[in-house]
Structure formats: structure tokens, C-alpha cells
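Start from the sequences, fold in the hints, and give me the full structure.
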Amino acid sequence: MTFIGKLSTQQRTGAVILGCLALFAVAEMFLFSIDGNQQFLAQAFASPDWQAPLGRDQFGRNMFARLAGGLRISFTLSLVCVVTSAVLGVLAGVAAAWRGGWFDNVLNFFANTILALPGLVLILVFAAVVPGSFVMIYLAISLVLWVEYFRLVRAIALNQVASPALQSSMLMGFGKFYLFRRHIWPALKADVFSLAAFGAATSVVAMSSVGFVYVGLKPPTPELGLMIVELFPYYHEAPWLLLEPISLLFLIVLGFHLLAGKAR
Amino acid sequence: MKRILLNRLLQAILMMWSVGTLTFILVRLLPGDMAYKIAAGRYGDDAVSTAAANAVSAELGLDKPAFQQYLHWLWDLLSLDLGNSLVSGAPIIVELQNQLSFTLVLAGCAIVVAALIAFPLGMFCGVKADSGWDRASLTMSTFVRSQPVFCLGLLLIFLFAMELNWFPVAGYGGAPYAILPVLTLAISLAAVSSRVVRNSTRTAVNSAWFEFSRIKGLSSRRAFVRHALPNILLPALAFMGIQLIGLIEGVIMIESLFAWPGIGHGLSHAVFARDIPMLQGTALVMGFLFVLINALVDVSYYLLDPRQQEVQS
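Top line first, the protein sequences correspond to chains A and B.
Each residue of the first sequence is one higher than the one before, starting from 1 at the first, in UniProt numbering.
Each residue of the second sequence is one higher than the one before, starting from 1 at the first, in UniProt numbering.
Watch out, some of these pointers could steer you wrong.
[To be verified] Now the stretches of chain B that chain A is said to cover, found in silico as 3 or more residues with beta-carbon under 8 Å:
{"id": "1", "segment": "70-79"}
{"id": "2", "segment": "91-103"}
{"id": "3", "segment": "168-176"}
{"id": "4", "segment": "279-286"}
[As the list claims (entries may be wrong)] Here's a subset of chain B near chain A, in silico, CB distances under 7 Å, partners left out:
{"id": "5", "residue": "Val27"}
{"id": "6", "residue": "Leu29"}
{"id": "7", "residue": "Ser57"}
{"id": "8", "residue": "Phe124"}
{"id": "9", "residue": "Val127"}
{"id": "10", "residue": "Asp130"}
{"id": "11", "residue": "Val144"}
{"id": "12", "residue": "Thr203"}
{"id": "13", "residue": "Ile252"}
{"id": "14", "residue": "Ser256"}
{"id": "15", "residue": "Leu292"}
{"id": "16", "residue": "Leu296"}
The hints are simulated quantities; they were obtained by calculation from the structure and are not laboratory data.
Cβ coordinates follow ideal geometry from the N, Cα and C atoms, glycine included.
Below is the structure:
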């Protein structure tokens, strides 16, 4: 477990927070068989009890199940977004630095086109194409996120490609993959990890923002941003209900930010 | 200087093209027949007939091949003919002008308030680095940064509008309505930039040249203003450029949250109502705002840092 050994205290705290949240999300799915969408109108705004440890919402739905569901959606989204954008961004960045020429120019043009527009605007425009689609939100967020990896990786890889160490390995006839693994990846590793953690936080925030302005996933999906906007009108009846998704969102983002380590 | 502005102009053109293309693709991807939908929007759902749809189709050139329509679409965009809203029927340009003034007020006030919070706080914490004050400010900043800006807005609404009843919850009707949105945006901006100011202040105050300026007999005040301040401002300003995305995204979220009738509010409503011309217009203005503030940051960086001018001239 050398990887954990290298983390700072701050990063470990982040990992512990995320671990607890993930445990809650997964354990709820396997240990309890509560349907988060089942309504019990007579029990609307019921205070927490053994059946529903986190209370019930305006339709009497079990908040415990809904929050765990919301966490699962957020974690799934952040995972697929980070993997997609990191793989694409690193590949494109290394390829652009290595090939150079028109290939580099085309990729740079593409990256600049995306950077010319604030990310959330792009995500909102995509969300308008197919309303309520998880896939569309995922595509939009990944499209915005890969640019960061691309720019960073390209800048670092340019130095590595020109380095004497790589040149001599190349002269000795090592393959491209070996050169990447031996010379380029070690220089990228730390930064890509920290970008990935920030990217995960960004994607969670982006999805909840889209949900919050009501153009993201559709009810009755237990998406955190959507839950916040749905519970907002009932603040006076049950303030704790509204605070639950807000604090979960806060913990996820805090966890990823701590895990990322270095300040941005 | 010229090169900076030229680069930003290029960015603006790129942005226009991508927004135009995206919205064009969007229109074609929408389910259902375009002509019927526009006819429904214009004449009401009950009055739609094949004749009406055909008339719309002929008028807007929907029967032409896609590539021709695309060129036509871009040409309209270039001549700033943004069309009419599919929902209200009013020309987009008029609505945008209306909304833009609201957005500029919000963004402008927020930047000023953010600077008023971030610079004094950051400099104070930088001079007293690692003290109790510094730690408290780091904790606060982490707390604010760890939540989406709309959650911060909600917390302020609970506190100031619902519990204390000091300010109205949302809407627009005069200065009291502006306080909470401006404050939310300003706090979220200041949370990050105060730390940047703090770090550069700390570097400046602990540097050899700052110590030298003290040794040669300048008062601590004079040494700070003459020597430390310019070196604090530059990194902070450079960082502002990066933070702009946060400002624009914050504007979208906060306007939606507080029902502030600006561009961001218009944008999220256009997405919700799938009002494509409006969507295109608001996205364009957001993009232009982004490019414009970027250019302003570049130019002020250039003017403030004499080294930049030497390199280029």
C-alpha cells in the first residue's frame, strides 16, 4: 500500500470522508431494500424514526434511501467523467506533444474552441439537446474537463519528449509504450491525480447545478441538486430535510478537494 | 498590446462560431418537425395546420439543404440578427439588452465587493501568516469553496432573509434585492482570491528585497506600498483571469437562484423552455462577457507590469 503511504494527512482526511460516503451509498443498496420513490403521503415530513433514519420528504418518501441514491448517481457520474476526460486528455496531450505539426495544431484549436466558452454554458447547451439525460450531462462535462488534462499534459510532455533521457531510450530502440511508461508518465502522475480529484468535484457540482436550475435529471430521480430545489419550498416545515442533501453535496466536494492535495 | 487584443478578438470569433454551430446542431436534433413546432409557438397549439407549417417552412428556408441552412444561420449570426424568442415572440436583441444591464450590475458590484473583502483580508493574513487569524481564514475559505455557489446562496437566504428578515428572498425591485446576490457572488470569489493574495503577500513580506527596503530606512508603511504592493497585485490579477470562469458560472447560478432578471437567468430559462434563439443569444452574451473581462485582465496586467512592456517593445 505504498500509494496510501504517500498521501498527506489532508489527503487522507479527504479519502476517509469519501470512503464513508461511498460506504453509505453502497451499503444502503445491499443491506436495505427500501424504495426511495415509494410515496407515503400520510407520513409527509415525518421526523426521523427507525424506519426512515433521516426523515421523510414532502411525499413521505424515505430520505435515507433517496440520499443514498443521490450519492450513487453523483459518484457514478464523477467516476465516468474523470476516467473519460483523463484518458482522452492524457492521450491527446502526449500525442500532441509527440507528433507536433498539424496534429498538435488541430488539437489545440479544438481545445481553444472549448475554452472560449465558460464550461457551465456549454453544459447547459448540451443539457438542452436531450433534457433529463444522464448520458448528455456526462458527455458535456467530460468535454469540458478533458481540456485541462490536455493542456497540462501537453506542456509537461513537451519537456519530456525533448529530454536527453527519452532521446537515448528511443535510439536504443524501445517501443512507444515503453517510452511513455518509463519517461513521460512518471512526470505526469502527480498532476493528473490532482486534476482528477478536482475534476470529480467539478463534475459533481456541475450536475447538481444543472439539476438545481431544473434542466438536468428529471424527478423522481434522487439527484442532489434536484432534491435541494424540490425541498426548498418546504424550508419552514422541515428545515432538516433541505440541509441533508446540502451537507452531502458539501461533504463530497470537500472530500475531493482535500484528496486533490495541492491548492489549485 | 495589439497582440493581446488580437488574441482576444480571435477568441471571440471562435466562441461565436462554436455557439452558432452548437445551437444549429441543437435545432436540428430537436425531436419533431421544426416547422410544426415554430408554427405551434406562433399561432398556438390549436391553430397548427399543414398550411401554417408549410408557410413557416418556406419563410425560414427550412426546406433547403442542411449546409445552406447552416451558412444562412452563421450569416444571421454575423449580422447580429438573432431572431425572435420562440416563447415570447419578442426580438432577442431587445431582451438581451434588458438582461445585460442587470447582469453587469450584479457582476460589477460582486467584483468590487470581492476585492474589498479579498485584498484587506488576504494581506492581513499574509503579514500574520500561520497565526490564529490566518488559520481561521483558511477554514472559512475551505468551507465556502467546498460547496456549489447556489448552496452558499441558500445558506445566506436562510440566515438573512428567512431567519433575520433583513433582505428580500428573491426577485428584483430595488437596492435591497441586490444585496444577497451580490454578497453570495462576492464571498464565493473572495474565498479563493483572498488565499492567493495571502500567499503572494507572504512571499513578498519574507523576501530579501523587502527586508532590504526596510534596512535602507523606509518606514514599514512606505516599504509595503512601494515594494510589496505591486508584487502582491500582479499574481492576484493573473489569478483573476483564471477565476473568471467562476464568475460567469456563478452569475448563471445566482441569477437563477435569486430570480435576478439577467442573462444567466435568461439562459437557464431558455434551456428549460428549449427556446433555441434565446439560448443562442444568452450563450453568446455570456461568451462575450467572458472574453471581454479576460481582455480587461490582460490589458491591466500589461499596464501594471513594466517588464511585460519591455519584452514586447
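Quick rundown of the hints versus the structure:
| no. | hint | verdict |
| --- | --- | --- |
| 1 | 70-79 | violated (count 0) |
| 2 | 91-103 | violated (count 0) |
| 3 | 168-176 | violated (count 0) |
| 4 | 279-286 | holds (count 3) |
| 5 | Val27 | 10 Å, violated |
| 6 | Leu29 | 6 Å, holds |
| 7 | Ser57 | 22 Å, violated |
| 8 | Phe124 | 19 Å, violated |
| 9 | Val127 | 19 Å, violated |
| 10 | Asp130 | 15 Å, violated |
| 11 | Val144 | 10 Å, violated |
| 12 | Thr203 | 14 Å, violated |
| 13 | Ile252 | 6 Å, holds |
| 14 | Ser256 | 5 Å, holds |
| 15 | Leu292 | 12 Å, violated |
| 16 | Leu296 | 16 Å, violated |
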